[in-house]
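Residue 233 is where the sequence shown starts when you use the numbering used here, and the numbers rise one by one after that.
It is worth saying that the hints were derived from the structure and are not from the lab.
Don't take each hint at face value.
What the hints assert, rightly or not - Heads up, simulated EDC-like pairs for lysine to aspartate or glutamate below, C-alpha to C-alpha not over 16 Å straight-line: (1) 697 <-> 711; (2) 339 <-> 437; (3) 298 <-> 341; (4) 656 <-> 617; (5) 555 <-> 590; (6) 634 <-> 614; (7) 664 <-> 621; (8) 335 <-> 282; (9) 298 <-> 282; (10) 451 <-> 544; (11) 339 <-> 373; (12) 390 <-> 341; (13) 289 <-> 305; (14) 339 <-> 282; (15) 656 <-> 621; (16) 547 <-> 568; (17) 634 <-> 690.
Claimed, not checked - What follows is a list of derived Cβ distance ranges for each label pair: (18) 406 <-> 335: 34 to 40 Å; (19) 720 <-> 774: 48 to 54 Å; (20) 302 <-> 708: 34 to 40 Å; (21) 537 <-> 577: 52 to 58 Å; (22) 496 <-> 848: 37 to 43 Å; (23) 790 <-> 720: 29 to 35 Å; (24) 651 <-> 725: 55 to 61 Å.
Beta carbons: idealized from backbone N, C-alpha and C, even for Gly.
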Amino acid sequence: MFKTILITNLYLSFNFINALLLPAFPNNIVCFPERDFCSIDGYIDYAGQELTLNVVKDNILIGSAKGLVSGTDVAFEVNHPGALCWGDGTNLKVTPNIEIGNKIEIKKDALLLSEIIIQNGYIIKKERNGNQIIVTGFIDDNINPSNIEVRIVNGDLKTTSVGRRDARAVVGPVGPVSTGYLSGATIIGTQLIAIFEFTDSITTDIAFVSSYSLSMWEKTDTAGNRLGITISEFGEVGGPWSLQCPPYANFINTNLKKMIIAGQILKWDNNIQLLPGSEPITGFNAHVVRNLDLNTNEIIGYRFSNTINKYDFSKVNIALTDKIEFRVITNNKLSDPLIIELNNLNENPSVIFTPQPDSTIIINTNDVILSSNTGQIIYTLDGTDPNLDNGIIYTDSIIITKEVLIKAISYSYGGKKSDIISGKYEPNVIVKQYLPPTNLKVIEQSNSLSISWTYINDITINLYKINIYSNNVFISSIDTTINPLIITNLIPNVLYTFSILARYDTIWSSESAKTPSILFPKLVDNIIITTAKWKSTDFRVSGTSSMPNVILTIYLTNADNTISTQTLNIRGTLTPISSSSSGLPDIANNYIFNIRVTKNQVPPNPGKIFVKSSKRGISNLITIKNIIIL
């Protein structure tokens, strides 16, 4: 049975790898998912040229950067001190949270040069028994056992019997790998056990407090070069990680263009499309930036809930010399601004239809383009007159799929408005494709699920249907026109998936692909801090949790010992000791965590701290011990 499983897994892995366009030596892609850091090696054929590095999750681009190829061994790096940031050279200003299963691409313009998949493996714990160090980890059963290596890294090992900065272990019996130590590793199911045996206690002492990593690569070429490398670092601060780059994986794209400024009135579309993976919109922020003199700006700010889409700024008296900075808010995070510089306040606006309407006949066309000398247009499709309180802000051509009356009006920055222009249109040829909406997303909230999707620009769509499944068994459906849809009445502790359909007049589209499984409600884990120790070059926080695979963040305290809104921006991940067969939390805290930062990343001693988890767990308050850590 074991041999059958092993052969099957290797076969699946082999076919999966060959489906990728892996790099060929000396080209390579090396990624460190805990630090959201990737190194691009080689590509000297493109020296001095610009290549694009992409992170793709579920076929959706979540991170991107452009870099010039150096022509040396390392072409360029992204999200590493002194290197490029995610978003450099692109409009996707976001540091992605690189995760298992993400695709990493290297492109020259639109040409795909190489790609790899982030591998599923990590170190769980380390233990010491005399001069032996036992490292336990998880290895996905699709990973070739010959393509893994455990490393212990510490420059101080050079002064020991090891004689170099690292000790290594690969799958095989425990034996001599290099001078100064023995090592070997075994895989039982998905459990990895690596053993290092050193010659003396001093060397073992140094090795035990060193850095640990698990390297996994997708292919070894005939010369022995490892290609497509994922390096999982044990105990490393979790992501999105950066010392100098935009920190938020869900930072928002504000290429909005869905805003009208008419005199003192600001109107915007409160159903703005965000980056994939973003949290729901919780509000909006608008600033009027006014020059007082050459060195001073006055900023007059307003904040609105996500239900507001218009505001009268008469108290501010917006002038020609002002700028408008508009931002979206998600979970108290502000997006980059959409900046509008006012000009020609008194311009006389006009609207042009392409093709032009005719008062006597219906125009046949498949789409209608609206344009204006001010670029600010509101239109309707239901026969009502458009105005600042009624209608759709125009951003793209209107697709014609049935007979429709379009009415449009344009506004100037100064508040002037054009005449209402109208026209009747019907399609040239009705070739109807009844497609479902795309980008179906499910976002966990405290006591609910938020389901959102990208609207289809088709005026015949009048209803959407959300199908609900559990274990691939259909349970029920919800008909709705609300996007995002909030669902609260699901059965706790059940895995759910969702799909969506759209109704075109009376005809339902095909069903979309199902979302990944999600557990409802969002479970709260029990977090306990056991130790917190600090010195100027070393800060450590340890404890336990009732759930694995969560992100932990250290929070400061207020004067009354309550949790502050301020964080230390120090994160870590849990190390499982054992897990329940159900995948649900055990009563006992069966998972441990060790968060550590060193050297110049250590903050001043905060005195007292809490730890919060991505599963909403909140720890006990603990006072940090200011001692020397051995």
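Hint-by-hint comparison with the structure:
Restraint check for residue 697 and residue 711: the C-alpha separation of about 4 Å stays at or below 16 Å, so the hint holds. Of the supplied pair hints, the one linking residue 339 and residue 437 is violated, its CA atoms being roughly 45 Å apart against a limit of 16 Å. Taking the CA atoms of residue 298 and residue 341, the gap is near 10 Å; set against the 16 Å cutoff, the hint holds. Taking the CA atoms of residue 656 and residue 617, the gap is about 14 Å. The hint holds against a cut of 16 Å.
A distance of roughly 39 Å separates the Cα atoms of residue 555 and residue 590; the hinted pair therefore is violated under the 16 Å criterion. This hinted pair checks out: residue 634 and residue 614 have alpha carbons roughly 13 Å apart, not beyond 16 Å. Our distance criterion of 16 Å between C-alpha atoms is broken by residue 664 and residue 621, whose separation comes to about 32 Å. The hinted pair formed by residue 335 and residue 282 fails the criterion: a straight-line CA distance of about 20 Å is larger than 16 Å.
Between residue 298 and residue 282 the CA atoms are separated by roughly 6 Å; this keeps the pair inside 16 Å, and the hint holds. A threshold of 16 Å between alpha carbons decides the hint, and for residue 451 with residue 544 the separation of about 61 Å lies outside it, so the pair is violated. A hinted pair counts as satisfied when its Cα atoms are at most 16 Å apart, and residue 339 with residue 373 does not qualify at roughly 30 Å. With a C-alpha separation of about 44 Å, the suggested pair residue 390 and residue 341 falls outside the 16 Å cut-off, and the hint is violated.
At roughly 28 Å between alpha-carbon atoms, residue 289 and residue 305 are farther apart than 16 Å, so this suggested pair is violated. Using a Cα cut-off of 16 Å, the hinted pair residue 339 and residue 282 holds, with the two alpha carbons roughly 9 Å apart. Between the alpha carbons of residue 656 and residue 621 the distance comes to roughly 23 Å, so the proposed pair goes past 16 Å and is violated. Of the supplied pair hints, the one linking residue 547 and residue 568 is violated, its CA atoms being roughly 25 Å apart against a limit of 16 Å.
The straight-line distance between the Cα atoms of residue 634 and residue 690 is roughly 9 Å, inside the 16 Å bound, and the hint therefore holds. In this structure the hint that residue 406 and residue 335 lie 34 to 40 Å apart at CB holds, the actual value being about 36 Å. Remark: the range hint 48 to 54 Å for residue 720 to residue 774 is contradicted by a beta-carbon distance near 36 Å. As the Cβ distance of residue 302 to residue 708 is approximately 56 Å, the hint placing it in 34 to 40 Å is violated.
The hinted range of 52 to 58 Å is not satisfied by residue 537 and residue 577, whose Cβ atoms lie roughly 29 Å apart. Between residue 496 and residue 848 the Cβ separation comes to about 42 Å, which falls inside the hinted range of 37 to 43 Å. The supplied range of 29 to 35 Å is met by residue 790 and residue 720, whose beta-carbon atoms lie about 31 Å from each other. The hint said 55 to 61 Å for the Cβ distance between residue 651 and residue 725, and at roughly 60 Å that hint holds.
Hints 2, 5, 7, 8, 10, 11, 12, 13, 15, 16, 19, 20, 21 from the earlier list are contradicted by this structure; the remaining hints agree with it.
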